[in-house]
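**Q** Listed in order, the protein sequences are those of chains A and B.
In terms of my numbering, the first sequence is numbered consecutively and its last residue is 445.
In terms of my numbering, the second sequence is numbered consecutively and its last residue is 445.
Calculated from the structure, these hints are not laboratory results.
Just so you know, even glycine gets a beta-carbon here, dropped at the ideal spot from N, CA and C.
One or more of the hints may lead you astray.
[Said to hold, decoys possible] Here are the simulated lysine-lysine pairs, DSBU-like style, with alpha carbons at most 30 angstroms apart:
| hint | chain 1 | residue 1 | chain 2 | residue 2 |
| --- | --- | --- | --- | --- |
| 1 | A | K254 | A | K351 |
| 2 | A | K162 | A | K253 |
| 3 | B | K351 | A | K120 |
| 4 | B | K136 | A | K381 |
| 5 | A | K136 | B | K381 |
| 6 | A | K304 | B | K304 |
| 7 | A | K253 | A | K190 |
| 8 | B | K351 | B | K253 |
| 9 | A | K136 | A | K190 |
| 10 | B | K190 | B | K202 |
| 11 | B | K202 | B | K136 |
| 12 | B | K162 | B | K253 |
| 13 | A | K190 | A | K225 |
| 14 | A | K304 | B | K120 |
| 15 | A | K253 | A | K304 |
| 16 | B | K351 | B | K381 |
| 17 | B | K304 | A | K120 |
| 18 | B | K351 | B | K304 |
| 19 | B | K190 | B | K225 |
| 20 | B | K254 | B | K190 |
| 21 | B | K120 | A | K120 |
| 22 | B | K190 | B | K136 |
| 23 | A | K162 | A | K254 |
| 24 | B | K136 | B | K120 |
| 25 | B | K202 | A | K304 |
| 26 | A | K253 | A | K351 |
| 27 | A | K304 | A | K351 |
| 28 | A | K120 | A | K253 |
| 29 | B | K120 | A | K351 |
| 30 | B | K304 | A | K202 |
[Unchecked claim] Not close to chain A: a few residues of chain B, all C-beta gaps over 12 angstroms, as computed:
| hint | residue |
| --- | --- |
| 31 | F152 |
| 32 | A236 |
| 33 | K254 |
| 34 | M327 |
| 35 | T374 |
| 36 | F397 |
| 37 | P403 |
The residues making up each chain are set out below.
There are 2 protein chains.
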Amino acid sequence: MPELRKDPVVGRWVIIATEREKRPSDFKSEPQPVRAEFCPFCEGNESKTPPEILAYRDRQSRANQPGWRVRVVPNKFPALQIEGNLDKRGDGIYDRMNGIGAHEVIIETPKHEISLTASTPALVQEVLWSYRDRLVDLKKDSRFVYGLIFKNVGASAGASLEHTHSQLIVTPTVPIAVAEEMNGCETFFKYRGRCLFCDIVDQELSARDRIVMDDPNFLAISPYAPRFPFETWIVPKRHSSHFENIQRFEIEGLVTVLLTVLTRLEKALGNPSYNYIIHTSPFDRAELPHYHWHLEIIPRLTRVAGFEWGTGFYINPVPPERAAEFLREIG
Amino acid sequence: MPELRKDPVVGRWVIIATEREKRPSDFKSEPQPVRAEFCPFCEGNESKTPPEILAYRDRQSRANQPGWRVRVVPNKFPALQIEGNLDKRGDGIYDRMNGIGAHEVIIETPKHEISLTASTPALVQEVLWSYRDRLVDLKKDSRFVYGLIFKNVGASAGASLEHTHSQLIVTPTVPIAVAEEMNGCETFFKYRGRCLFCDIVDQELSARDRIVMDDPNFLAISPYAPRFPFETWIVPKRHSSHFENIQRFEIEGLVTVLLTVLTRLEKALGNPSYNYIIHTSPFDRAELPHYHWHLEIIPRLTRVAGFEWGTGFYINPVPPERAAEFLREIG
Numbered sequence: 115m116p117e118l119r120k121d122p123v124v125g126r127w128v129i130i131a132t133e134r135e136k137r138p139s140d141f142k143s144e145p146q147p148v149r150a151e152f153c154p155f156c157e158g159n160e161s162k163t164p165p166e167i168l169a170y171r172d173r174q175s176r177a178n179q180p181g182w183r184v185r186v187v188p189n190k191f192p193a194l195q196i197e198g199n200l201d202k203r204g205d206g207i208y209d210r211m212n213g214i215g216a217h218e219v220i221i222e223t224p225k226h227e228i229s230l231t232a233s234t235p236a237l238v239q240e241v242l243w244s245y246r247d248r249l250v251d252l253k254k255d256s257r258f259v260y261g262l263i264f265k266n267v268g269a270s271a272g273a274s275l276e277h278t279h280s281q282l283i284v285t286p287t288v289p290i291a292v293a294e295e296m297n298g299c300e301t302f303f304k305y306r307g308r309c310l311f312c313d314i315v316d317q318e319l320s321a322r323d324r325i326v327m328d329d330p331n332f333l334a335i336s337p338y339a340p341r342f343p344f345e346t347w348i349v350p351k352r353h354s355s356h357f358e359n360i361q362r363f364e365i366e367g368l369v370t371v372l373l374t375v376l377t378r379l380e381k382a383l384g385n386p387s388y389n390y391i392i393h394t395s396p397f398d399r400a401e402l403p404h405y406h407w408h409l410e411i412i413p414r415l416t417r418v419a420g421f422e423w424g425t426g427f428y429i430n431p432v433p434p435e436r437a438a439e440f441l442r443e444i445g
Numbered sequence: 115m116p117e118l119r120k121d122p123v124v125g126r127w128v129i130i131a132t133e134r135e136k137r138p139s140d141f142k143s144e145p146q147p148v149r150a151e152f153c154p155f156c157e158g159n160e161s162k163t164p165p166e167i168l169a170y171r172d173r174q175s176r177a178n179q180p181g182w183r184v185r186v187v188p189n190k191f192p193a194l195q196i197e198g199n200l201d202k203r204g205d206g207i208y209d210r211m212n213g214i215g216a217h218e219v220i221i222e223t224p225k226h227e228i229s230l231t232a233s234t235p236a237l238v239q240e241v242l243w244s245y246r247d248r249l250v251d252l253k254k255d256s257r258f259v260y261g262l263i264f265k266n267v268g269a270s271a272g273a274s275l276e277h278t279h280s281q282l283i284v285t286p287t288v289p290i291a292v293a294e295e296m297n298g299c300e301t302f303f304k305y306r307g308r309c310l311f312c313d314i315v316d317q318e319l320s321a322r323d324r325i326v327m328d329d330p331n332f333l334a335i336s337p338y339a340p341r342f343p344f345e346t347w348i349v350p351k352r353h354s355s356h357f358e359n360i361q362r363f364e365i366e367g368l369v370t371v372l373l374t375v376l377t378r379l380e381k382a383l384g385n386p387s388y389n390y391i392i393h394t395s396p397f398d399r400a401e402l403p404h405y406h407w408h409l410e411i412i413p414r415l416t417r418v419a420g421f422e423w424g425t426g427f428y429i430n431p432v433p434p435e436r437a438a439e440f441l442r443e444i445g
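So here's chain A without its partners, still in its complex pose (with noise of 0.2 angstroms):
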């Protein structure tokens, strides 16, 4: 069973992944690339996964068999456990509990495609609404609060298999990341009475020196403090507190920028590894007037040292202006 532990000095918490544990000598040689042979993930492989949670599939077609088009699966070295009791605890000034969670692997094409971009945007809508489901879904479990869509893609962004997919994690606390955000957007709140974000898309819209691109229903932006050379930002116009209440109105323009910034930097940075999070409010809140959901790109290409690891503060060698432009004109 992994174990959750706090930090007691800044309250973050670890996962403790024992089901994934290593002895040191596993470490001696370098991260291994991301595995290329067998591919678990592709058409036809569907027992190399535990059983599917979620598919999208052809109507005559059966669970765990040919004939998907987007498939949810658990994690099969999940970081998280889904049965059980959270077990909270004290152990001197430490705090401990299970590390109770959920750990879901989505399959976004049947195909052995190393990029979404290789995907028809009406299959990434598919995607962006298993997401969705997925959410929805498990948010009706009272041990969970917290829901994090993400993808690795790249060696150097923590992909262990290339076939496109994204990951959803689900955790019995607010992560700490995630309260840091929220706490900026309500201060911000409180003190101007306006959401940040709907300020950031105003402003950003009157600069436009940052604009990467300008749908009507999404902005995606350089920030204006990147922590990241080419870091963007795709953010929703309409202001809405939780993913999981898109609308259908909403995918397609979403499928269309990501798309659309995807490619772009694959083609300013010759395929980068990169991550993408979806940023998005916790399961127990209702609509929040404070905080705007909105999906972020990082792509990975340089090393975080320890400058950064002491400080907090990032050393970006691209101005966001420069970066946005760039991604402007190779459109």
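Following the hints, position chain B against chain A.
**A** For chain B alone, kept in the frame of chain A given last:
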């Protein structure tokens, strides 16, 4: 002039390093490995670095000539610039200031050694004294509020030169990671009336299962909730909030523990890339009852992926009790 920009959501500062500006094509190749051919840090090559700020050298030797044991020089490509005013200003909802600060390199030995552990304890004592002397000097400048001493070893940890060295970056604001750590310690102090790190030392000394090394003046432990496998903290047993107030009798103990722990990590993990960071109090605070300086060592064995960036949770496949046991036994 580098620019400091504040992320409006979480309040994190980012350095837009215009002096180091890169084009997209600079990222198309993998990050460069550590350079090994010509070494500007070796004795005899003093003219290849900016003029020295401090050197411990033989009496008869001259500045920027051979004859030194430890040498501190400005970073040739500084993240922050020493001259100028902060010129803090707004930009709509955003905040920015000039990238003023200091960025120095501590060359730890005149010989081309790639690990600090190749040095004698007497020389490593001088390295630690040079850290202290530089902090004490930079503290006098009222524009500066925080000094971070850190070390990057190996390409995965962000090093670009292999000759063993440390760095010092001084910032004009309290870094967010430091503020969070100090706030956590202050909250604990207000609630319990004791220093959190003093309590950690006590609990670890009685539990004993996370101790790596127990010296009369310092305790090396695998922390209770480590982000990374084999993460190790070296904590002084005597309460003190500022590293630069270290006592002469403590320096010797710190050198012994630091060299022992680094040697064991190198042996256990096959000369891993790592960072070490001195966590200490801001310049403008007097001695604090609630904060306790310490040194954190982070071997860079795993990759930070989308889940970690999105949540601030970390997944660690090595329980700290196992890591500590291994590092005790290999000794």
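**Q** All hints are to be evaluated individually against the structure, with a verdict given for each.
**A** The hints, checked one at a time:
A C-alpha spacing of about 28 angstroms is found between K254 (chain A) and K351 (chain A), which places the hinted pair at or below 30 angstroms, so the restraint holds. This hinted pair checks out: K162 (chain A) and K253 (chain A) have alpha carbons roughly 28 angstroms apart, not beyond 30 angstroms. This hinted pair checks out: K351 (chain B) and K120 (chain A) have alpha carbons roughly 23 angstroms apart, not beyond 30 angstroms. For the proposed pair K136 (chain B) and K381 (chain A), the alpha carbon gap of about 17 angstroms is at most 30 angstroms, so the pair holds.
Of the pairs offered as hints, the one joining K136 (chain A) and K381 (chain B) holds, with about 17 angstroms between alpha carbons and a cut-off of 30 angstroms not exceeded. Restraint check for K304 (chain A) and K304 (chain B): satisfied, since their Cα atoms lie roughly 26 angstroms apart, inside the 30 angstroms limit. With a C-alpha separation of about 22 angstroms, the suggested pairing of K253 (chain A) with K190 (chain A) holds against the 30 angstroms cut-off. The hinted pair formed by K351 (chain B) and K253 (chain B) meets the criterion: a straight-line CA distance of about 25 angstroms does not exceed 30 angstroms.
For a cut-off of 30 angstroms, the pair hint linking K136 (chain A) to K190 (chain A) stands: about 16 angstroms separates their Cα positions. Distance check on the hinted pair: K190 (chain B) and K202 (chain B) sit about 26 angstroms apart at the alpha-carbon level, within 30 angstroms; holds. Distance check on the hinted pair: K202 (chain B) and K136 (chain B) sit about 25 angstroms apart at the alpha-carbon level, within 30 angstroms; holds. Using a Cα cut-off of 30 angstroms, the hinted pair K162 (chain B) and K253 (chain B) holds, with the two alpha carbons roughly 28 angstroms apart.
About 20 angstroms separates the Cα atoms of K190 (chain A) and K225 (chain A), which keeps this hinted pair within 30 angstroms; it holds. Taking the CA atoms of K304 (chain A) and K120 (chain B), the gap is about 19 angstroms. The hint holds against a cut of 30 angstroms. With a CA separation close to 28 angstroms, the supplied pair K253 (chain A) and K304 (chain A) stays within the 30 angstroms bound. At roughly 26 angstroms between alpha-carbon atoms, K351 (chain B) and K381 (chain B) fall within 30 angstroms of each other, so this suggested pair holds.
Our distance criterion of 30 angstroms between C-alpha atoms is met by K304 (chain B) and K120 (chain A), whose separation comes to about 19 angstroms. At roughly 21 angstroms between alpha-carbon atoms, K351 (chain B) and K304 (chain B) fall within 30 angstroms of each other, so this suggested pair holds. The suggested pairing of K190 (chain B) with K225 (chain B) holds, with an alpha-carbon distance near 20 angstroms, which does not exceed 30 angstroms. Straight-line distance between C-alpha atoms of K254 (chain B) and K190 (chain B) comes to about 23 angstroms, which keeps the hinted pair within the 30 angstroms bound.
Straight-line distance between C-alpha atoms of K120 (chain B) and K120 (chain A) comes to about 28 angstroms, which keeps the hinted pair within the 30 angstroms bound. Distance hint between K190 (chain B) and K136 (chain B) is fulfilled; the C-alpha atoms sit about 16 angstroms from each other, no more than 30 angstroms. For the hint pairing K162 (chain A) with K254 (chain A), the CA-to-CA distance comes to about 29 angstroms; that is within 30 angstroms, so the pair holds. A hinted pair counts as satisfied when its Cα atoms are at most 30 angstroms apart, and K136 (chain B) with K120 (chain B) qualifies at roughly 21 angstroms.
With a C-alpha separation of about 24 angstroms, the suggested pairing of K202 (chain B) with K304 (chain A) holds against the 30 angstroms cut-off. For the suggested pair K253 (chain A) and K351 (chain A), the alpha carbons sit about 25 angstroms apart, so the restraint of at most 30 angstroms is met. The hinted pair formed by K304 (chain A) and K351 (chain A) meets the criterion: a straight-line CA distance of about 21 angstroms does not exceed 30 angstroms. For the proposed pair K120 (chain A) and K253 (chain A), the alpha carbon gap of about 24 angstroms is at most 30 angstroms, so the pair holds.
Proposed proximity of K120 (chain B) and K351 (chain A) is supported: the alpha carbons are some 23 angstroms apart, at most 30 angstroms. In summary, the hint linking K304 (chain B) to K202 (chain A) is supported, as the alpha carbons are separated by about 24 angstroms, within the 30 angstroms threshold. Annotated as non-interface, F152 (chain B) keeps its C-beta farther than 12 angstroms from every C-beta of chain A; the closest such distance is 22 angstroms. For A236 (chain B), the condition that its CB be more than 12 angstroms from all CB atoms of chain A holds, with the nearest at approximately 25 angstroms.
The claim that K254 (chain B) is not at the interface with chain A holds, since no C-beta of that chain comes within 12 angstroms of its own (minimum 21 angstroms). Every CB of chain A lies more than 12 angstroms from the CB of M327 (chain B), the least distance being 17 angstroms, so the non-interface label holds. At the 12 angstroms boundary, the C-beta of T374 (chain B) stays outside the reach of chain A, the nearest C-beta of that chain being 17 angstroms off. Every CB of chain A lies more than 12 angstroms from the CB of F397 (chain B), the least distance being 14 angstroms, so the non-interface label holds.
Look at P403 (chain B): its CB is around 16 angstroms from the nearest CB on chain A, clear of 12 angstroms, so calling it non-interface holds up.
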